[in-house]
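Just so you know, the protein sequences line up as chains F and L, in that order.
With my numbering applied, the first sequence corresponds to residues 12 to 133, in that order.
With my numbering applied, the second sequence corresponds to residues 51 to 199, in that order.
Read the hints as simulated data drawn from the structure, not as lab findings.
Keep in mind the model is a prediction, meaning the values are calculated, not measured.
C-beta: ideal position from N, C-alpha, C; glycine also.
Certain hints may be false.
As the list claims (entries may be wrong) - Here are some chain F residues pointing at chain L (derived, C-beta under 8 Å):
no. : residue
1   : Cys14
2   : Asp47
3   : Pro48
4   : Gly49
5   : Asp55
6   : Gly60
7   : Val61
8   : Pro62
9   : Val78
10  : Pro80
11  : Cys81
12  : Gly83
13  : Thr84
14  : Phe85
15  : Ser109
As the list claims (entries may be wrong) - As a list, the in silico DSBU-like pairs of lysine-lysine whose alpha-carbon atoms are at most 30 Å apart:
no. : chain 1 : residue 1 : chain 2 : residue 2
16  : F       : Lys79     : F       : Lys107
17  : L       : Lys178    : F       : Lys30
18  : L       : Lys193    : F       : Lys30
19  : F       : Lys51     : L       : Lys125
20  : L       : Lys125    : F       : Lys30
21  : F       : Lys30     : L       : Lys163
22  : L       : Lys126    : L       : Lys82
23  : L       : Lys125    : F       : Lys105
24  : L       : Lys191    : F       : Lys51
25  : L       : Lys97     : F       : Lys79
26  : F       : Lys104    : L       : Lys126
27  : F       : Lys79     : L       : Lys193
28  : F       : Lys104    : L       : Lys125
As the list claims (entries may be wrong) - Computed footprint of chain F on chain L, listed as stretches where at least three residues anywhere in the stretch have a Cβ under 8 Å from a Cβ of chain F:
no. : region
29  : 119–125
30  : 138–146
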Amino acid sequence: MSCIEQMKYRLYLERTSFKEAREYIEKISEEVYYVDPGYKIFKDYYIIGVPPVAMGVRGKELLFTYVKPCHGTFVMGLDSEEEIARLRESEAKKIKKSLQGEEKAKGEPSGAPASFADIYRK
Amino acid sequence: MSQGKSALLVMGCPEVPVQNSMVIYLAHKLKKSGWDVTVAGTNAPIKLLKVADPEGYYVQKMADLDQTIADIVEKKYDFDICFAFMHSDAGMTYGATFSAISRARLFAVVFGKNAEALGESIDYPAEKIVAVATHNPAPLKNKIDKVDL
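Chain L extracted, bound-state conformation (with noise of 0.2 Å):
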């Protein structure tokens, strides 16, 4: 069903733990269902990522955050699916940019302490996947487990 599909994991700040861990394994868990999957972020997270996986295993396209922006704007490409990794204002904020220049359906991925208010501060069509979780990714792994796609 997914064959030929792309998604993209928008990753935001790597200062809360869990959220490498679930790039990583959601990108696996995408790409073994058929997606093709890009993962877009900042200088920081993706050196975590490449140090964390550095065969390219689980990851193995990498993007730079506002280039990615930037080509989606211009229309040079986009995604079918995108789950936009957050924990704080501007995570919420990428998220909101993400909404509205792309056709992806938008996943908002709501972490840290403050997740449950964080996910409420967000108006922007996006379906929330909301767990408190900083050093445990259990409760966002069950989360996003049950995401249909």
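If we strip away everything but chain F, and leave its shape as in the complex, we get (with noise of 0.2 Å):
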């Protein structure tokens, strides 16, 4: 059992869908982050979940998914300031690296290095 289930959690939606949970962490929350399902959170649950598996920013909760095999999925909320910002932190290091990614490939030449003499004799 998971340390989540011993913490003041909020329970938002209950045995549902995972689908219909995600959709309602985008609906009711101010910020949404994706992640890789086995993203860790509160020291030891990592999330189980079909890609993009949404988390969610309202204030100073963090909305997620919580699935368990016999019960379906929840939509849980918990107060973590450190929580979110290490979510926030893991979504601008994700867009620093895809940014570095484009900027690489921009660099990088499109072909065979031409020599002076071919560029010169066109």
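Join the two chains, each given in its own frame, into one complex according to the hints.
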């Protein structure tokens, strides 16, 4: 059992499908971030989900999906400025990485290197 | 060929009877072919398995489902193949998680009354084994027997 079940969480949706839970988070959150399944929150909970896994921020509250094999998907809310900061930081890293990838792609030569003589002849 | 290779069988909610039967059958079959087999599940399916196989004749290694996910994410170990048993949206969601975190060749074993619709909803990389089976394991067993490992 994850430590989340011992925390003072708020339950917004219960025993629903993962898709509905994701859409609910997207609808009620002020900020929405997408993480990969296995993203770790609150020390020992690794997010279970079908990508893209939505996580929401509403004020100081982190909104996330919690899946139990016999009970379906739940949408939970827990106040944690620390987890929200970590989520924003991981999103910023993702954006930086993708921008670096784009810049690298732009800077790369498009084909085989041409000699000065070849260019001059043209 | 499969000597030294590892297989993970992921159990979903045990409310559909064919799951337990098929997990024991598949674990035994894989073991006989030289696979190192681990069965992961929550408390309920693991308890059912322990009562059905008290001496561990068919299933030698059992693991907690959430701990297995944590260990794969933390790269403590991984498997060569994974059979994820599912008959509900939650089971399908666990399958998606294994597809994302593990390098194992993934088989989505879909059963129950709504097997066909559930099978169609799987859009992550997995080889689907789909059979409308609840009490009679034969349709699922026949399909599992055709898997080429």
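Now for the hints, and whether the structure bears them out:
1. Against a cut-off of 8 Å between C-beta atoms, the interface hint on cysteine 14(F) is violated, since the closest Cβ of chain L lies about 11 Å away.
2. The interface hint given for aspartate 47(F) holds, since its Cβ lies 6 Å from the closest Cβ of chain L, which is under the 8 Å cut-off.
3. The beta carbon of proline 48(F) comes within 4 Å of a beta carbon in chain L, closer than 8 Å, and the hint placing it at the interface holds.
4. Annotation: glycine 49(F) was flagged as interfacial toward chain L, and the flag holds, the nearest CB pair being 4 Å apart, inside 8 Å.
5. Because the beta carbon of aspartate 55(F) sits about 7 Å from the nearest beta carbon in chain L, less than 8 Å, this interface hint is met.
6. With a cut of 8 Å, the hint placing glycine 60(F) at the interface with chain L holds, because the nearest CB-to-CB distance is about 6 Å.
7. Satisfaction of the interface hint for valine 61(F) is found here, the shortest Cβ-Cβ separation to chain L being roughly 4 Å, below the 8 Å cut-off.
8. Against a cut-off of 8 Å between C-beta atoms, the interface hint on proline 62(F) holds, since the closest Cβ of chain L lies about 6 Å away.
9. Taking 8 Å as the C-beta contact cut-off toward chain L, the hint placing valine 78(F) at the interface holds, the least distance being around 5 Å.
10. Look at proline 80(F): its Cβ gets to within about 5 Å of chain L, closer than 8 Å, so that hint holds up.
11. Using the Cβ-Cβ criterion of 8 Å, the hint placing cysteine 81(F) at the interface with chain L is satisfied: the shortest such distance is roughly 4 Å.
12. The restraint placing glycine 83(F) at the interface with chain L holds, with a minimum CB-CB distance near 5 Å, inside the 8 Å limit.
13. Annotation: interface hint on threonine 84(F) holds; nearest CB of chain L at approximately 7 Å, less than 8 Å.
14. The beta carbon of phenylalanine 85(F) is not positioned within 8 Å of any beta carbon in chain L (closest approach about 10 Å), and the interface hint is therefore violated.
15. For serine 109(F), the interface hint is violated, the least distance from its beta-carbon to any beta-carbon of chain L being 19 Å, above 8 Å.
16. Distance hint between lysine 79(F) and lysine 107(F) is unfulfilled; the C-alpha atoms sit about 34 Å from each other, more than 30 Å.
17. With a CA separation close to 20 Å, the supplied pair lysine 178(L) and lysine 30(F) stays within the 30 Å bound.
18. Pair hint lysine 193(L) plus lysine 30(F) holds up; C-alpha atoms about 29 Å apart against a cutoff of 30 Å.
19. With a CA separation close to 13 Å, the supplied pair lysine 51(F) and lysine 125(L) stays within the 30 Å bound.
20. A threshold of 30 Å between alpha carbons decides the hint, and for lysine 125(L) with lysine 30(F) the separation of about 28 Å falls inside it, so the pair holds.
21. Pair hint lysine 30(F) plus lysine 163(L) holds up; C-alpha atoms about 20 Å apart against a cutoff of 30 Å.
22. Restraint check: the Cα-Cα separation between lysine 126(L) and lysine 82(L) comes to about 26 Å, which is no more than 30 Å; the hinted pair holds.
23. For the proposed pair lysine 125(L) and lysine 105(F), the alpha carbon gap of about 21 Å is at most 30 Å, so the pair holds.
24. In summary, the hint linking lysine 191(L) to lysine 51(F) is not supported, as the alpha carbons are separated by about 36 Å, beyond the 30 Å threshold.
25. Distance hint between lysine 97(L) and lysine 79(F) is fulfilled; the C-alpha atoms sit about 17 Å from each other, no more than 30 Å.
26. Between lysine 104(F) and lysine 126(L) the CA atoms are separated by roughly 25 Å; this keeps the pair inside 30 Å, and the hint holds.
27. Between lysine 79(F) and lysine 193(L) the CA atoms are separated by roughly 27 Å; this keeps the pair inside 30 Å, and the hint holds.
28. Straight-line distance between C-alpha atoms of lysine 104(F) and lysine 125(L) comes to about 21 Å, which keeps the hinted pair within the 30 Å bound.
29. Chain F is given as covering the region 119–125 of chain L, and this holds because 4 residues of the stretch bring a CB closer than 8 Å to a CB of that chain, at least three being needed.
30. A stretch counts as covered by a chain when three or more of its residues have a beta carbon under 8 Å from one of that chain; for the region 138–146 of chain L and chain F the count is 8, and the coverage holds.
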